[in-house]
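Same order as they appear, the protein sequences are chains E and V. Count the first sequence with the numbering used here and you get residues 12 to 549, in order. Count the second sequence with the numbering used here and you get residues 343 to 457, in order.
A few of these clues could be false.
Derived list of chain V stretches under chain E, where covered just means 3 residues or more per stretch with a C-beta under 8 Å from a C-beta of chain E [claimed, not checked]:
hint: 1; stretch: 356-370
hint: 2; stretch: 445-451
With beta-carbon atoms standing in for the labels, derived distance ranges [unchecked claim]:
hint: 3; chain 1: V; residue 1: Thr421; chain 2: E; residue 2: Pro427; range: 47 to 57 Å
hint: 4; chain 1: V; residue 1: Leu391; chain 2: E; residue 2: Ile55; range: 46 to 56 Å
hint: 5; chain 1: E; residue 1: Pro36; chain 2: V; residue 2: Tyr360; range: 39 to 49 Å
hint: 6; chain 1: V; residue 1: Val424; chain 2: E; residue 2: Ile62; range: 28 to 38 Å
hint: 7; chain 1: V; residue 1: Leu391; chain 2: E; residue 2: Ala507; range: 52 to 62 Å
hint: 8; chain 1: V; residue 1: Ala395; chain 2: E; residue 2: Trp84; range: 16 to 26 Å
hint: 9; chain 1: V; residue 1: Ile346; chain 2: E; residue 2: Leu224; range: 16 to 26 Å
hint: 10; chain 1: V; residue 1: Tyr410; chain 2: E; residue 2: Val58; range: 43 to 53 Å
hint: 11; chain 1: E; residue 1: Ile497; chain 2: V; residue 2: Tyr410; range: 51 to 61 Å
hint: 12; chain 1: V; residue 1: Tyr368; chain 2: E; residue 2: Leu514; range: 50 to 60 Å
hint: 13; chain 1: V; residue 1: Thr421; chain 2: E; residue 2: Gly203; range: 14 to 24 Å
hint: 14; chain 1: V; residue 1: Gln369; chain 2: E; residue 2: Pro244; range: 17 to 27 Å
hint: 15; chain 1: V; residue 1: Tyr410; chain 2: E; residue 2: Gly82; range: 15 to 25 Å
These are computed hints drawn from the structure, not numbers from a lab. From the three backbone atoms N, C-alpha and C, an ideal C-beta is built for every residue, glycine too.
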Amino acid sequence: MTDWLQHLLILTILLPLAVGAALIPVDERNRMLKGVFGFGSTLIVFVVAMILMRIAANAGNQPGTGIYQLGNWPAPFGIVLVLDRLSALMLCLTAGLALAAQVYSMARWHTAGHHFHSLFQLLIAGLNGAFLTGDLFNLFVFFEMMLAASYGLLLHGSGPMRVKAGLHYIAINLAASSLFLIGVSLIYGVTGTLNMADLATKLATLTPDNRQLVEAGAAILGIAFLVKAGMWPLSFWLPPAYAAATPPVAAVFAILTKVGVYIIVRLHFLVFGAAAGASAGFGQDWLVAGGMLTIAFGAIGVLASQAMGRLAGYSVLVSSGTLLAAIGLGHAGMLAGALFYLVSSTLTISAFFLLIELVDRGRDAGADVLAVTMEAYGDFDEDEEEEEVGVAIPGTMAVLGLCFCLCAVLLSGLPPLSGFVAKFAILRGLFDMPGTDLATAMSAADWTYVVLLILSGLAAMIAMNRIGIRTFWASIEGTVPRVFVIEITPVVVLLAACIFLSLQAGPAMRYMQATADDLLNPLFQSERILSAPRAGGQ
Amino acid sequence: MELILSAGIGALTASGVYLLLRPRTYQVIIGLSLLSYAVNLFIFGMGRLRVNAPPVLNPAGAGELASYTDPVPQALVLTAIVISFAMTALFLVVLLASRGFTGTDHVDGREQRHD
Chain E
12 MTDWLQHLLI
22 LTILLPLAVG
32 AALIPVDERN
42 RMLKGVFGFG
52 STLIVFVVAM
62 ILMRIAANAG
72 NQPGTGIYQL
82 GNWPAPFGIV
92 LVLDRLSALM
102 LCLTAGLALA
112 AQVYSMARWH
122 TAGHHFHSLF
132 QLLIAGLNGA
142 FLTGDLFNLF
152 VFFEMMLAAS
162 YGLLLHGSGP
172 MRVKAGLHYI
182 AINLAASSLF
192 LIGVSLIYGV
202 TGTLNMADLA
212 TKLATLTPDN
222 RQLVEAGAAI
232 LGIAFLVKAG
242 MWPLSFWLPP
252 AYAAATPPVA
262 AVFAILTKVG
272 VYIIVRLHFL
282 VFGAAAGASA
292 GFGQDWLVAG
302 GMLTIAFGAI
312 GVLASQAMGR
322 LAGYSVLVSS
332 GTLLAAIGLG
342 HAGMLAGALF
352 YLVSSTLTIS
362 AFFLLIELVD
372 RGRDAGADVL
382 AVTMEAYGDF
392 DEDEEEEEVG
402 VAIPGTMAVL
412 GLCFCLCAVL
422 LSGLPPLSGF
432 VAKFAILRGL
442 FDMPGTDLAT
452 AMSAADWTYV
462 VLLILSGLAA
472 MIAMNRIGIR
482 TFWASIEGTV
492 PRVFVIEITP
502 VVVLLAACIF
512 LSLQAGPAMR
522 YMQATADDLL
532 NPLFQSERIL
542 SAPRAGGQ
Chain V
343 MELILSAGIG
353 ALTASGVYLL
363 LRPRTYQVII
373 GLSLLSYAVN
383 LFIFGMGRLR
393 VNAPPVLNPA
403 GAGELASYTD
413 PVPQALVLTA
423 IVISFAMTAL
433 FLVVLLASRG
443 FTGTDHVDGR
453 EQRHD
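Same shape as in the complex, but just chain E:
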């Protein structure tokens, strides 16, 4: 990697941060201008993320590649940003979702309140930082940055429902942040390091009583991320908050739960991986049990939901639960499938959140209420050119119905789309144990997971069918909703990404497999981070 390519890593954080800050003093009447700048910034981040993904895929294993030392201080002392296949993948996914949500918001939702695009940029900066950082305390800082922006975005558009959901969301996340700090400082107090790679090498050398303290710290830290990921007893805030958020915000929130999952993956394999001595695999059983209960709770919630917003919220829980349990079960073959599932389910749920509002618009008085809310709390001077952007396309219901069908197939994991490929890859990894008898090699937990994974798909299918029939077939007084082209395009693009993922499942799975192999080889990873040379050849 040449010198200027090295700096691309920090660009994914600095650019959204700078653009977000620069947009704050711009007058709210220039909303389209703000939107264009915000979109441009995200587009650049997306392109950079693609380049980084290519770099990570081609040269990710060479020592020193993708390690960015801030202030040119070497790893255990200075702050490092670490690029590997997993973080590059998450960067791409974030930027892709953000692009779709931003385009969608420019039809009307960004007029519902102030500073929408600034908050959006800050959210992206926080997310990118959380994916790239190599030490625990900066993880906290980026995590808080992301959360602060998400509070603002959740409240965007205001109204009693959003404020109520926001109040719960903020209170829970603030309490979780306190737990985060307790965990981090406990780990620092015992090991004297905050760098994750350094931590991985130090864990094996601890005395038993110190090891217990670190494990207690890690458990407290884990609770903070599990709140974010929405593991069962910690997830009651999630469906109301996601259902109350405006559609573009809910769409990008689909990746916020994945931040929790991502960090659990990181800590689980890097810090408590094979190199951790007696601490290896710490907390696995809890992840498995919690993940499975989350799938069960989410599936019941999906079946019980009347409104589509809540259905999507519970689908987020099913997706988190599937991932957490897959991580906890810890079979080497499953991890690649789980990563594939992460990408596929995030794209699907995001598209679904965007689609819901378009469908709901034609269904009942909800659209009118929203319009009233917009007039009461939005900006008074609507831009003229916004009116010209939208064209009422004929056959709207056909397009919406088709998108809805694709969402249903993807959510429930039916062939031939990526939802099926992902679940199939997870199950294949689970069953794939060469040389042993399947009946003895698989534990009760493994079988329960198989059953839950398939049943959760069935639950999603039933719920989506019921709502689909009510909306598209049997709607009595439903009017055809007015849908702007720039509103339906992001939905189509996100679903097209899922279809592309299904068509290119081979190369995608190879990438995921390489990512999984990296994760399962933590000592090599920490060696790579700690031995990275300083710039200037020292």
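Add chain V to chain E, keeping to what the hints say.
Quick look at chain V alone, frame taken from chain E:
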């Protein structure tokens, strides 16, 4: 000193968690503040307690680790204070908005039958 500090952290945490579970938004925000004070003290304590020792430079005992306190927790505490302060301010705004919308300071936006 260790005893006083740990007792202080314990009392702050216990009061914070108790208030966090109360039904009024004002109690919740005070609970969160107390909890963040407890956390800040806890981070401070994790750097080991030393009396009259500077964190970074000490001309008298330069080069001797024994004459310093750990500077990292102090930097962490500073960041944590700033962030938790900002978050409390933001939460306060949301709390006032909620009060304005619902006319009550109950966390669910409506009164229960008996509190």
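### Query
In this structure, is the beta-carbon distance linking Leu391/V and Ala507/E contained in 52 to 62 Å?
With Cβ atoms ~59 Å apart, the hint holds.
Verify the CB-CB distance for Ile346/V and Leu224/E against the hinted window 16 to 26 Å.
With Cβ atoms ~21 Å apart, the hint holds.
| said: Range first: 17 to 27 Å. Now tell me if the beta carbons of Gln369/V and Pro244/E are that far apart. | reply: holds (23 Å)
Tyr410/V paired with Gly82/E, Cβ distance criterion 15 to 25 Å: The hint (15 to 25 Å, Cβ to Cβ) holds, given that Tyr410/V and Gly82/E are roughly 21 Å apart.
Please test the hint of 43 to 53 Å on the beta carbon pair from Tyr410/V and Val58/E.
-> holds (46 Å)
Note to self: 28 to 38 Å was suggested as the range; check whether the CB atoms of Val424/V and Ile62/E agree with it.
What the structure shows: holds (34 Å)
Honestly, do Thr421/V and Gly203/E meet the 14 to 24 Å range at C-beta? holds (18 Å)
Check: How does the Cβ-Cβ distance of Leu391/V and Ile55/E compare with 46 to 56 Å: does it lie in that range?
Finding: holds (48 Å)
Using the C-beta atoms of Ile497/E and Tyr410/V, is the stated range 51 to 61 Å upheld? Since Ile497/E and Tyr410/V have Cβ atoms about 59 Å apart, the given range 51 to 61 Å holds.
Verdict on chain E covering the stretch 356-370 of chain V, criterion of 3 CB contacts below 8 Å
holds (count 3)
Do Tyr368/V and Leu514/E keep their Cβ atoms within the hinted range of 50 to 60 Å? Holds - the Cβ-Cβ distance for Tyr368/V and Leu514/E, about 56 Å, lies within 50 to 60 Å.
Between Thr421/V and Pro427/E, does the beta-carbon spacing fit 47 to 57 Å?
holds (49 Å)
In summary, this structure violates none of the numbered hints.
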